[in-house]
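With these hints in hand, go ahead and build the complete structure from the sequences.
For the protein sequence lines, the chains are A and B, in the order given.
Numbering of the first sequence is given in this note's numbering, commencing with residue 2 and proceeding in unit increments.
Numbering of the second sequence is given in this note's numbering, commencing with residue 161 and proceeding in unit increments.
FYI, nobody ran anything at the bench for these hints, they're computed from the structure.
Take every hint as true, because none was put in to throw you off.
Selected chain A positions facing chain B (Cβ under 7 Å, derived; list incomplete):
(1) F15
(2) L23
(3) Q45
(4) Y52
(5) D118
(6) R168
(7) I171
Note that the Cβ used here is the ideal one computed from N, Cα and C, for glycine as well.
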Amino acid sequence: MPDPAEQQLREDAFARYVLPELEVLAGVAFSLTGNGADAEDLVQETLICAYRAIERFDGAHPRAWLFTIMRNAEAKRHRRRRPQLLRDPDQAQRLERADPRRAVDSPEEVVVGAEFDAVVTQCLGALPERHRQVIGLVDIDGLSYAEAAEILGVPVGTVMSRLHRARTRIRQRLSAAGVAPRRSMR
Amino acid sequence: MNPLSLAASRLHCLHNMRLLQTYLDGALDEMPARRVAEHLEECRRCGLEAEIYREIKASIHERDCTVDPGAVERLRRFGEALARDGEPAPGGAGA
Numbered sequence: 002m003p004d005p006a007e008q009q010l011r012e013d014a015f016a017r018y019v020l021p022e023l024e025v026l027a028g029v030a031f032s033l034t035g036n037g038a039d040a041e042d043l044v045q046e047t048l049i050c051a052y053r054a055i056e057r058f059d060g061a062h063p064r065a066w067l068f069t070i071m072r073n074a075e076a077k078r079h080r081r082r083r084p085q086l087l088r089d090p091d092q093a094q095r096l097e098r099a100d101p102r103r104a105v106d107s108p109e110e111v112v113v114g115a116e117f118d119a120v121v122t123q124c125l126g127a128l129p130e131r132h133r134q135v136i137g138l139v140d141i142d143g144l145s146y147a148e149a150a151e152i153l154g155v156p157v158g159t160v161m162s163r164l165h166r167a168r169t170r171i172r173q174r175l176s177a178a179g180v181a182p183r184r185s186m187r
Numbered sequence: 161m162n163p164l165s166l167a168a169s170r171l172h173c174l175h176n177m178r179l180l181q182t183y184l185d186g187a188l189d190e191m192p193a194r195r196v197a198e199h200l201e202e203c204r205r206c207g208l209e210a211e212i213y214r215e216i217k218a219s220i221h222e223r224d225c226t227v228d229p230g231a232v233e234r235l236r237r238f239g240e241a242l243a244r245d246g247e248p249a250p251g252g253a254g255a
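Dropping the structure here:
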């Protein structure tokens, strides 16, 4: 039976350091897994690992601490996961995000914007996973390069080069599709 | 423009384009960021390139900017129960 005072300290620390980061963790987990159901599982595993380790946590940089835990949990999940080629669309929608866009655009802007977005979407889906992850972490979740590097377990320079390659590929695809000009040579 | 000036101008553009992604991510230090911003103002070609990359970033960001509150709420309940009651029994981890 745990000591009630210790249990209270643990509960307080968890509420103070972990629970405020839940929304960020959910977004990051979605970027890592690309799948709503897996993202929820990953956050749950991260919470359980954080709960087990909370007594040893010194209170400094809780987000970075949680990212490290999530990175390890994701690596563990990868090792035991069976090959998963098809996603369940119902499950994938469980962490789906709202799209508040373009309520006031003109019809022309909507058409051009829709073409642009369609090419970006298509290209994102075709990116290698390591590129898609870094785009999700930085462009969707708003993580800094250092935070993305922490959760992916790679140097900051690798985050930057993956971002650069991913965006360049999208940019080239937009040109090929005729929705963005090719870079001219003077 | 004479060939020498053209070459220098292209080098200047190349240098700024190498910094463009970091600049657009807000990760450049103040002085280099200011120099890139000035170049993008002056050079139409690089300015257009920057605009396209801004659109790409916006297109990616806007599609997915809010996590489903239902999922976050389920995870919050899970976290609060974990803090209060300890770890769930094996097989009972589902929210």
